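Engineer: Read off the chains here:
Number of protein chains: 2
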Amino acid sequence: MATVHLPSITRVAICGGTHGNELSGVYLVRELQKRERETQKEAEPVSVVTVLSNPRAVQQCRRYTEMDLNRCFTSAILSKPLDVGALYEMERAQELNKILGPRGSTTAVDLVCDLHNTTANMGLCLITYSDNNWISLHVMKYLQREIQSVPVRLVDLGMPHSEAYSLESVGKHGFSIEVGPQPHGLLRADIFNAMQDGVRSMLDWIRRFNSGTIFHGGEVDVYTMVRSVDYPKDPETGSISATIHPQLQDRDFCVLRPGDPMFLSFTGQTQLFEEEEPLYPIFVNESSYYEKGIAMWLTRLRRVQIPPLQVQAD
Amino acid sequence: MATVHLPSITRVAICGGTHGNELSGVYLVRELQKRERETQKEAEPVSVVTVLSNPRAVQQCRRYTEMDLNRCFTSAILSKPLDVGALYEMERAQELNKILGPRGSTTAVDLVCDLHNTTANMGLCLITYSDNNWISLHVMKYLQREIQSVPVRLVDLGMPHSEAYSLESVGKHGFSIEVGPQPHGLLRADIFNAMQDGVRSMLDWIRRFNSGTIFHGGEVDVYTMVRSVDYPKDPETGSISATIHPQLQDRDFCVLRPGDPMFLSFTGQTQLFEEEEPLYPIFVNESSYYEKGIAMWLTRLRRVQIPPLQVQAD
Chain A
1 MATVHLPSIT RVAICGGTHG NELSGVYLVR ELQKRERETQ KEAEPVSVVT VLSNPRAVQQ
61 CRRYTEMDLN RCFTSAILSK PLDVGALYEM ERAQELNKIL GPRGSTTAVD LVCDLHNTTA
121 NMGLCLITYS DNNWISLHVM KYLQREIQSV PVRLVDLGMP HSEAYSLESV GKHGFSIEVG
181 PQPHGLLRAD IFNAMQDGVR SMLDWIRRFN SGTIFHGGEV DVYTMVRSVD YPKDPETGSI
241 SATIHPQLQD RDFCVLRPGD PMFLSFTGQT QLFEEEEPLY PIFVNESSYY EKGIAMWLTR
301 LRRVQIPPLQ VQAD
Chain B
1 MATVHLPSIT RVAICGGTHG NELSGVYLVR ELQKRERETQ KEAEPVSVVT VLSNPRAVQQ
61 CRRYTEMDLN RCFTSAILSK PLDVGALYEM ERAQELNKIL GPRGSTTAVD LVCDLHNTTA
121 NMGLCLITYS DNNWISLHVM KYLQREIQSV PVRLVDLGMP HSEAYSLESV GKHGFSIEVG
181 PQPHGLLRAD IFNAMQDGVR SMLDWIRRFN SGTIFHGGEV DVYTMVRSVD YPKDPETGSI
241 SATIHPQLQD RDFCVLRPGD PMFLSFTGQT QLFEEEEPLY PIFVNESSYY EKGIAMWLTR
301 LRRVQIPPLQ VQAD
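Which chain is which? The protein sequence lines are A and B, in order. For the record, in the first sequence the residue sitting at position 60 is 60 according to the UniProt record's numbering, with numbers rising by one throughout. For the record, in the second sequence the residue sitting at position 196 is 196 according to the UniProt record's numbering, with numbers rising by one throughout.
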């Protein structure tokens, strides 16, 4: 494939606390801000802005206060005139869009990286809206080489950018980084370190890219969202009647074949996976998805050819 | 040691949801209530009452709504006249004390078993106020024999019953059962099943006890609370500046020797354990203890001689 040339990435935003109880991002952003205050600004070609996205939710150590901030970056909400008494997260989304965007404008930062934790065994995972964002795919390939402590993968939401709803969509480029497993509301050193390594390697990649390094193309694995699956529920009470089967728990990104165990009911019955084709479950038993009616997402694994990449000459 | 004879245990309370986001107990109590409705009451010598302790917190999937219910069973709160606008959990504690107690009275249920989850790697753990509650120690010994899927242990709070603050203290006998690791706000099949096995075996033990079985004495391990340890904190902001060291994370009930790593700061410095004697950490990185300033408890391990036990003849 022919080398793709893209403009340099000179303004990067690193955001944590978009969900207030996902503590690795909260503490990593605070740590970066502290180091920024303590060290002399080096004359660097990359300017990094760090943002604590939902300070009110962080303060309360909750996912959100009134509605999920990471579902507020839709065109409808970003353009809505907000009256007195508007939901806090809607106001904050508009504010963040002003600071880091506005989305689709020339003033938007070049790259938004939004840091998240999950209770699922996801390792370190980049999430993007499409599979032809060469920067995300090259960063992922670079992280796979640089990071040994956890597996690194990329999930493609497979939706048009016009339907975007999450914070990273306000930048010219963007992705979220999910790291897990970590219970919400606490910090594990292994997960914090994996996130810190991910951010450090990403900035390293950006510096190399800006300085003219040619990144070779090749094949990478991409997991594309197919559909979500809810927990089995009691038809009368609407309450969950089964958990993730022990043979599936903690096996995010592992193939699930037709006939494999999927759920185990409280009375001991196994429910099998009845899809026609093998798929790859992710976000298996993510605690904050209970309220969304999502026990896991099913994805399709594809090999994607990516082109060599180099910064545009001035 | 001479055989100890104790009255039969005819009324048992099994409580879940004392903390509303510890879901194994919530769903196990609901499941037991469902089975109770669906099956004919057998003519059994044990009457089991199941209680969802904090329904308002369960509804919101939070630990508590206004204050930690499991710290409300103090003599001061239980005897306090409650005005209009009193905290919900204080009212509920008095209500539960009426239903299951009152504490110290002859009408109190014989045994209260309160079900909890922890994010720490605690296996299945009975918690009692003292180490001479022969029923708790014998139940623990029986569970160690019956349950293979997780380790079973007993923690002794080592405090006089007059200082009791938790739900199980309203029964004539009582203990809480902690099962983990499980993030709060979700259900893992392995942890749910371990709790279910624990409750089943406990009821089995009670039936055997009531029917006259002699339980042999012997030696058991007891972990007695020594003191709690807080996370290192930034002296200026009061914010956490380190996590549990990766070598200590998930090693609840494993010996910690002077000089062993204890914390790892965000900048990579290791803080060592500086006690004089080896101790045994428990509740290592329990998420709900962040607000209480507890990174872990340190316990002392002792071998305790327990006497043979048999029900009193009528």
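Watch out, some of these pointers could steer you wrong.
Intra- or inter-copy, both count: the list cannot distinguish identical chains.
[Claimed, not checked] List of simulated lysine to aspartate or glutamate pairs, EDC-like, C-alpha gap at most 20 angstroms:
1. K292 / D68
2. K172 / E277
3. K98 / E38
4. K292 / E163
These are computed hints drawn from the structure, not numbers from a lab. Quantities reported herein were computed from a predicted structural model and do not represent experimental measurements.
Engineer: Look at each hint and say if it fits the structure.
Structural biologist: Going down the list of hints, with the structure as the test:
| no. | hint | result |
| --- | --- | --- |
| 1 | K292 / D68 | within (11 angstroms within a copy, 27 angstroms between copies) |
| 2 | K172 / E277 | neither (36 angstroms within a copy, 57 angstroms between copies) |
| 3 | K98 / E38 | neither (28 angstroms within a copy, 58 angstroms between copies) |
| 4 | K292 / E163 | within (18 angstroms within a copy, 42 angstroms between copies) |
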